[in-house]
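Model the placement of chain B on the given structure of chain A, informed by the hints.
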Amino acid sequence: MPKLNQPSELEKSVRDAATVPEPDAEFIHSLRARFVAEGHASANKNQETFMRQKTFSQRLTWVLAALVLVTLVVLSTQPTVVNALKRLFGYVPNVGIIDQSTPVRMLTEPVTVTREGFAVTVEQAVLNDEKSIVVYSFILPPDYVHPENSISTTRAPFLTLPDGTRLDILRARHVASSDCPQCYLRYLMEFDAIPADISEATLEILDLVAIPDNTAPQDWKIQLKFKPADPADIAPVIEQIVTPVPTTASTDAPTQSVNTYGITNTLDKFVALPDGYILYGNTSWTDPIIRPYGVSSELAGIKDADGMDVPFDYADSEMNSEPSELRVNWAYKVGTDFKAPLTLSFVMLASLPADGGSFTFDPGPDPQPGQKWDINQDVTVNNEVIHVLAAEQAGIELGFFLFNMQSDSNITGASVIDLDHPPLGGGGGGGGIPSAGAPFNSGFAYQVPIPQGPLTLTFTNVQLLLPSDWTLSWSP
Amino acid sequence: MENEEPRQVEIELNTITHALAGDEAALARIYDAYARPIYRYHYSRVGNAPDAEDLTSQTFMAVLEALPRYQHRGRFTAWMFQIARNKVMDHFHRNPGMKDVTEESVADPLQSDALEAIYQRESKMHLKALLRLLEDDERELICLRFTAELSFVQIGQLLGRSEDAVRKSIRRILDRLAVQMEAQNA
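So the sequences go chain by chain: A and B. 1 is the number of the first residue of the first sequence in our numbering; add one for each residue after it. 1 is the number of the first residue of the second sequence in our numbering; add one for each residue after it.
Possibly wrong hints are sitting among the right ones.
As the list claims (entries may be wrong) - Dumping the calculated PhoX-like pairs for lysine-lysine here, alpha-carbon to alpha-carbon at most 25 Å:
#1 A:K131 - A:K227
#2 B:K168 - A:K372
#3 B:K128 - B:K168
#4 A:K333 - A:K303
#5 A:K339 - A:K303
#6 B:K128 - A:K12
#7 A:K225 - A:K131
#8 A:K221 - A:K131
#9 B:K168 - A:K12
Unchecked claim - Quick look at which bits of chain B chain A covers, simulated, 3 or more residues with Cβ under 8 Å:
#10 137-149
#11 160-171
Stated by the list, open to error - Selected chain B positions facing chain A (in silico; Cβ < 8 Å):
#12 L13
#13 T17
#14 A25
#15 A28
#16 R36
#17 R40
#18 D54
#19 F60
#20 L64
#21 L127
#22 K128
#23 L177
#24 A178
These are computed hints drawn from the structure, not numbers from a lab. Where is the CB? At the ideal position from N, CA and C, for every residue including glycine.
So here's chain A without its partners, still in its complex pose:
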């Protein structure tokens, strides 16, 4: 018998045989920077929701105005496709969609400052009456060694105007830098608008984002100068409203909105770039029974006119939904090598409250970890039947039960709760795109000691795979 703390020879052999190559150090460090930067930025985003209300409402005004105009054009031209308002919004690479209804200014030129081998470049600035966006990237010295288990602290950067006014950062996010392999990180920051009569500002970066403490120079001051934007630097955003059409429709069939729970999946604009197109859209719903973030639309695939699969990539959907909105935005990028029109096939999942339905379960006086119980009860939830098949006390913590279920309907998930006993926590799981009829699990954690049975578990939520045609047809 092997000694304690000394793995058996077989274990060592298995570990050896199961060994895989270590990850590339550059990848590990690059993802680390991205993870830390994104985590830092997304935490700030929550705190800045209030600040965003103002800019969001302004933006919403323009969006609504655009939609009214588009609607007018729709009524007077084709029912589904409109090219209009090419000048209202513009697209700037790395920055995204900007409002150009008021004068837009940009950097006179990128500015690079190098200190101790670190090169910081302010690549872009986009200024309008609504906000100021600044994008910077930086390159590490060739001999930089990333310390293991280091910590990094980033104090918030800010802009200083010539009169001393300080503009604090409103929000920030990591921006893809695949076009700049030597860049350690590219970072986008939003500030309040800079008055139109001010053409200079100083960007003060106190700490390079996501760089371990005490390994890089601090307190960078970078002078920025602005000039009116060159129209050539702003790609037009083409408003194009595309709503779902039945796949069996003839070419002259009218466009129809699919109205399951008031859900409409819409492609509303695109940007043509030299290497492809970015398609922007959203999934919205009107039925308040589905709460914010309660609908998940997932692009299952794109085919072109010849039925060929078209590769796509996820793009920045610009605005995330506000908590009060019944809408989620999406954006995908495709190349240029396809025969139009493209057919985008979506899978639509909705989570909505259960209208009741419960089952009973008796774990007995001394339930053991890993113990299983057959339940085999059919429960009607939202007019559909869920077969509750079995339960298992799962996991190392006592009191956590996993209930295995299946439904012949389009229910692909559910949540349960014991209304008589406060839970320790919820559970759940699953992965991939669910399919109707597939088994699923729902978890519930009791506080210890586990109450005496029989226990009654009540359904609180169900997840539905919405059986409708969620395809969109789009042509540039």
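Using the frame of chain A, we list chain B on its own:
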């Protein structure tokens, strides 16, 4: 009985709370604790570096998205690996033609052609072949234990099984492998 040597550390609630608040040190601590084990897990499932890197990136971005909804029950590692597993399942769902290679295409780092290495090399190759013949769930147990280096407790939490059940399952697999190796060497 396998010893429960220190393996994947658990992240404390304090670190998670700080990470949620955007504390870069806490975010870095989480990343440093899991980046390599999660990469190794992905590699062990897909068998190539580009896909493993892609899945690792996806996992960490999904972690950021899901972190506000995390409920701490002392099983952060299991939660992280649940996200990683979901990404792998997504991967195979989206690429039905791809096979879960679990070790199949991992390059065999042949040590040398020295005579004394031949026996070990053949044993190792035979063991690899035996690992490939395991059932999917058994292979995953081996990956989680010996590639990602999770503890029995963490694997139990991840798979919804007790520590004891995981320990026994792995013991059974090892015993069977031992018998098969013996048979080959006989």
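To see whether the hints hold, each was checked on the structure:
Our distance criterion of 25 Å between C-alpha atoms is met by K131 of chain A and K227 of chain A, whose separation comes to about 15 Å. Only pairs whose Cα atoms come within 25 Å are accepted, and K168 of chain B paired with K372 of chain A is accepted, the gap being roughly 17 Å. Between the alpha carbons of K128 of chain B and K168 of chain B the distance comes to roughly 21 Å, so the proposed pair stays at or under 25 Å and holds. Between K333 of chain A and K303 of chain A, the direct Cα distance comes to roughly 14 Å. Compliance with the 25 Å bound is thereby established for this hinted pair.
Straight-line distance between C-alpha atoms of K339 of chain A and K303 of chain A comes to about 9 Å, which keeps the hinted pair within the 25 Å bound. Under the criterion of a C-alpha separation no larger than 25 Å, the hint pairing K128 of chain B with K12 of chain A is consistent with the structure, at around 13 Å. Straight-line distance between C-alpha atoms of K225 of chain A and K131 of chain A comes to about 16 Å, which keeps the hinted pair within the 25 Å bound. Distance hint between K221 of chain A and K131 of chain A is fulfilled; the C-alpha atoms sit about 21 Å from each other, no more than 25 Å.
A C-alpha spacing of about 18 Å is found between K168 of chain B and K12 of chain A, which places the hinted pair at or below 25 Å, so the restraint holds. Coverage of a stretch by a chain is defined here by at least three residues with a beta carbon nearer than 8 Å to that chain's beta carbons; for the stretch 137-149 of chain B and chain A the count is 4, and the condition holds. Chain A is given as covering the stretch 160-171 of chain B, and this holds because 6 residues of the stretch bring a CB closer than 8 Å to a CB of that chain, at least three being needed. Residue-level restraint check for L13 of chain B is violated (minimum Cβ-Cβ distance to chain A is 13 Å; threshold 8 Å).
Restraint check, T17 of chain B versus chain A: the minimum CB separation of about 11 Å is more than 8 Å; hint violated. Given hint, A25 of chain B at the interface with chain A, holds; its Cβ is 3 Å from that chain's nearest Cβ, closer than 8 Å. Here the hint on A28 of chain B is kept, as its CB sits about 5 Å from the closest CB of chain A, short of 8 Å. Because the closest C-beta pair between R36 of chain B and chain A is about 6 Å apart, less than 8 Å, the hint holds.
Contact between R40 of chain B and chain A, as hinted, is supported at the beta carbon level, the nearest pair being about 5 Å apart and thus within 8 Å. Proximity of D54 of chain B to chain A is violated relative to the hint, the smallest CB-CB distance being about 10 Å (cut-off 8 Å). Proximity of F60 of chain B to chain A holds as hinted, the smallest CB-CB distance being about 5 Å (cut-off 8 Å). Interface restraint check for L64 of chain B: the shortest CB-CB distance to chain A comes to about 5 Å, inside 8 Å, so the restraint holds.
Restraint check, L127 of chain B versus chain A: the minimum CB separation of about 4 Å is within 8 Å; hint holds. A hinted interface residue such as K128 of chain B counts as satisfied when its beta carbon comes closer than 8 Å to some beta carbon of chain A; here the least separation is about 5 Å, so the hint holds. A distance limit of 8 Å between C-beta atoms decides the matter here; for L177 of chain B the minimum to chain A is near 7 Å, and the interface restraint holds. A distance limit of 8 Å between C-beta atoms decides the matter here; for A178 of chain B the minimum to chain A is near 5 Å, and the interface restraint holds.
The structure shown violates the earlier hints numbered 12, 13, 18.
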